[in-house]
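Enquirer: Listed below are the residues making up each chain.
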Amino acid sequence: MLKLGVPSKGRLMDKTFQWFGNRGVTLRKSGSDREYAGAVEGIEGVELVLLSAGEIPRELAAGRIQLGVTGSDLVREKLVNWENCVREMALLGFGGADLIIAVPQAWVDVDTLDDLDAAAAAFRAKHGHRLRIATKYHRLVREFLKHAGVADYALVDSQGATEGTVKNETAEAIADITSTGETLRANGLKILTDGMIHASQATLFRTSRRDWTMQQRETFKRLEAQLGL
Amino acid sequence: MTLAATLTEADRLRDFFVGRDAIVVQTDVLQSAETLLDLYGEDIRGRSYLTADPIRGEMVLRPDFTVPVVQMHMQSHADPARYTYAGKVFRKQDSDPDRANEFVQVGYEVFDGTNPALADAEVFAAIRDALGDLPLRAATGDIGILMAAVSGLRTSDDRKAALARHIWRPRRFRALLDRFGGRSPVPQTRAALLAAGDPFASAGPDIGKRSRMEVEFRIAALREDAATPPISGEELALLDTLMALRETSDHVLSQLRDIAVDLPAIGPAVMRLNARLDALEDYGVDVSTLEFEGSYGRTSLEYYDGFVFGFYAADDPTLPPVATGGRYDALTARLGEGKAVPAVGGVIRPDLVLRLRGTV
Chain H
786 MLKLGVPSKG RLMDKTFQWF GNRGVTLRKS GSDREYAGAV EGIEGVELVL LSAGEIPREL
846 AAGRIQLGVT GSDLVREKLV NWENCVREMA LLGFGGADLI IAVPQAWVDV DTLDDLDAAA
906 AAFRAKHGHR LRIATKYHRL VREFLKHAGV ADYALVDSQG ATEGTVKNET AEAIADITST
966 GETLRANGLK ILTDGMIHAS QATLFRTSRR DWTMQQRETF KRLEAQLGL
Chain W
450 MTLAATLTEA DRLRDFFVGR DAIVVQTDVL QSAETLLDLY GEDIRGRSYL TADPIRGEMV
510 LRPDFTVPVV QMHMQSHADP ARYTYAGKVF RKQDSDPDRA NEFVQVGYEV FDGTNPALAD
570 AEVFAAIRDA LGDLPLRAAT GDIGILMAAV SGLRTSDDRK AALARHIWRP RRFRALLDRF
630 GGRSPVPQTR AALLAAGDPF ASAGPDIGKR SRMEVEFRIA ALREDAATPP ISGEELALLD
690 TLMALRETSD HVLSQLRDIA VDLPAIGPAV MRLNARLDAL EDYGVDVSTL EFEGSYGRTS
750 LEYYDGFVFG FYAADDPTLP PVATGGRYDA LTARLGEGKA VPAVGGVIRP DLVLRLRGTV
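Those sequence lines, one after another, are chains H and W.
Basically this note's numbering = 1-based index in the first sequence + 785.
Basically this note's numbering = 1-based index in the second sequence + 449.
Bound conformation, chain H alone (with noise of 0.2 Å):
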């Protein structure tokens, strides 16, 4: 069996259901809402698996499923060397979010990676501590900031409810994805001008792993053909 791994939840979910669905693959849930087994028609020898978009560039590297549905942030902040391990079949055009760095609105000062550094500089010299910029995409982050020569800051933690932060005083400032901007806003944060780090969507990933049988390639080249790739 070819197997693709889909978002298990949420809109990604219902969405990847959707464009699969307009190419002639039906994918949707077996059984009752709750369980995670899913069900393809439309074509035969491709196995549905539902995980968590977080999971799929893992077991996508790992080889465990050769195909996968995820944003394309999770692809470059989990794997090491991204473009060797997995390759970009198809951007699906939807689930468009920007990992950006936000600060607060407050600091008329700052609106470039330029002023982000400086500011960053005088701060650790009046409060005795770096910078923090809450973050869940380590390594994106620290990567971009790094390329762009920004010092004295630290990257903490924050798994969700990035943007709040900032007013309970637990980091400075934050990156985070936003597709509109309006949660950022609301917590009287805004975008640095050219603090966009990547610009993600839900895309369509292949393993580069080669160890596929005979009839998994024959499989994938049926499902090429019939999405249209």
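It is worth saying that the hints were derived from the structure and are not from the lab.
Hints may contain errors.
Unchecked claim - For lysine to any residue, the following SDA-like pairs were computed, each having C-alpha atoms within a straight-line distance of at most 20 Å: (1) W/Lys541 x H/Asn869; (2) H/Lys931 x W/Arg614; (3) W/Lys658 x H/Gly973; (4) H/Lys911 x W/Leu671; (5) H/Lys863 x W/Tyr498; (6) H/Lys863 x W/Ser744; (7) H/Lys931 x W/Ala613; (8) H/Lys921 x W/Ile493; (9) W/Lys609 x W/Ser633; (10) H/Lys931 x W/Pro546; (11) H/Lys931 x W/Ser749; (12) H/Lys931 x W/Ile493; (13) H/Lys931 x W/Arg540; (14) H/Lys921 x W/Ala501; (15) W/Lys609 x H/Arg909; (16) H/Lys931 x W/Leu671; (17) H/Lys931 x W/Gln542; (18) W/Lys541 x W/Leu768; (19) W/Lys541 x H/Cys870; (20) W/Lys541 x H/Arg861; (21) H/Lys952 x W/Ala652; (22) W/Lys541 x W/Thr484; (23) H/Lys931 x W/Lys541; (24) H/Lys931 x W/Trp617; (25) H/Lys800 x H/Ser964.
With chain H's structure known, arrange chain W on it following the hints.
Expert: Relative to the frame of chain H, chain W by itself:
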């Protein structure tokens, strides 16, 4: 190549340094992460293995020996002192998975302030002698010269401090130079901020730990900077020449003497280079073939602030350096809470020595 062979070679190298009056020291493999995080920030998280201990807090698998050896030395109050050590260090290799993430290092560190030029040459020569007649190419540099050049620029102290802070981040350093030199335009957002009658007119709620006063303070600094004339084209050109230097050491010395006429602040640093080259000659180093690069050592951790050097496989540019080292006076000042001890040292990778010797 087996670990046993590497360890045997490590012992040989360490014994060699013992023969140069070094005391053997050992450090824990698990180090408190606090010091390293304070020194290097997020970079260290990207480079080393951190782990949480419920009692001791965040710990790190030692990414190098220098920091614990400096700490040990600062507590011992011995002076002068020479140390050697051998053991494994651990580094994440995110960007290059083919590189080893744990390997053996043998080091030689000299804490002796009586004659820094002599100590520089002593360490370089000790490493060279320990490596023997392997087919190696030596590269050298001197971060102290660039630091002196920055401190001597005819511009505001704030600008000089900003540049000095980013000597080890060449991209940001370049961007700052372009801004302060008027070579890049003022960002639109900043121009708008400085032109605004009330900069806080559309400011959102005051949230977070960075106060309104700190923002006002920076706006004042930005106004002052906007009123400061750009760094002159002559000075920018001199810095560019300095950073692009890539010649044999004797030629570099005469070029730097020329530059020092227009940039007198580098005078003392050039004299130190002169004294070092003399000392190296006394150790039998041919300075007319010794390479010097103006930007060498600027992409390593903020560590070295004077003489820097490395030994590379002459025939295999893909191999990591077989040995590296340099002077790190400022590091001892930060770890010694103000009490600085002039220090210079270097490390060798015995696994690469064996590989080059062909005993793989």
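Enquirer: Take the hints in turn and mark each one as holding or not.
Expert: Here is how each hint holds up against the structure:
1. W/Lys541 x H/Asn869: holds, 18 Å
2. H/Lys931 x W/Arg614: Roughly 14 Å separates the two Cα atoms, so the pair holds.
3. W/Lys658 x H/Gly973: Holds, because 14 Å separates the two Cα atoms, which is no more than 20 Å.
4. H/Lys911 x W/Leu671: holds, 18 Å
5. H/Lys863 x W/Tyr498: The hint holds at about 16 Å.
6. H/Lys863 x W/Ser744: The hint is violated at about 34 Å.
7. H/Lys931 x W/Ala613: Distance ~17 Å between H/Lys931 and W/Ala613 Cα, so the pair holds.
8. H/Lys921 x W/Ile493: holds, 18 Å
9. W/Lys609 x W/Ser633: This hinted pair holds, its Cα atoms lying about 18 Å apart.
10. H/Lys931 x W/Pro546: This hinted pair holds, its Cα atoms lying about 19 Å apart.
11. H/Lys931 x W/Ser749: holds, 13 Å
12. H/Lys931 x W/Ile493: Holds. H/Lys931 to W/Ile493 sits at ~11 Å (cutoff 20 Å).
13. H/Lys931 x W/Arg540: Since the Cα atoms of H/Lys931 and W/Arg540 sit roughly 17 Å apart, the hinted pair holds (cutoff 20 Å).
14. H/Lys921 x W/Ala501: It holds: about 18 Å lies between the C-alpha atoms, which stays within 20 Å.
15. W/Lys609 x H/Arg909: Between W/Lys609 and H/Arg909 the Cα gap is close to 18 Å, so the pair holds against 20 Å.
16. H/Lys931 x W/Leu671: With Cα atoms ~24 Å apart, H/Lys931 and W/Leu671 exceed 20 Å; violated.
17. H/Lys931 x W/Gln542: OK: H/Lys931 and W/Gln542 at ~15 Å, within 20 Å.
18. W/Lys541 x W/Leu768: holds, 17 Å
19. W/Lys541 x H/Cys870: holds, 18 Å
20. W/Lys541 x H/Arg861: Cα-Cα ~17 Å, so holds.
21. H/Lys952 x W/Ala652: Holds. H/Lys952 to W/Ala652 sits at ~15 Å (cutoff 20 Å).
22. W/Lys541 x W/Thr484: holds, 19 Å
23. H/Lys931 x W/Lys541: OK: H/Lys931 and W/Lys541 at ~16 Å, within 20 Å.
24. H/Lys931 x W/Trp617: Distance ~11 Å between H/Lys931 and W/Trp617 Cα, so the pair holds.
25. H/Lys800 x H/Ser964: Measuring from Cα to Cα gives roughly 16 Å; hence the hint holds.
Of the numbered hints stated above, those contradicted by the structure are hints 6, 16, listed in ascending order.
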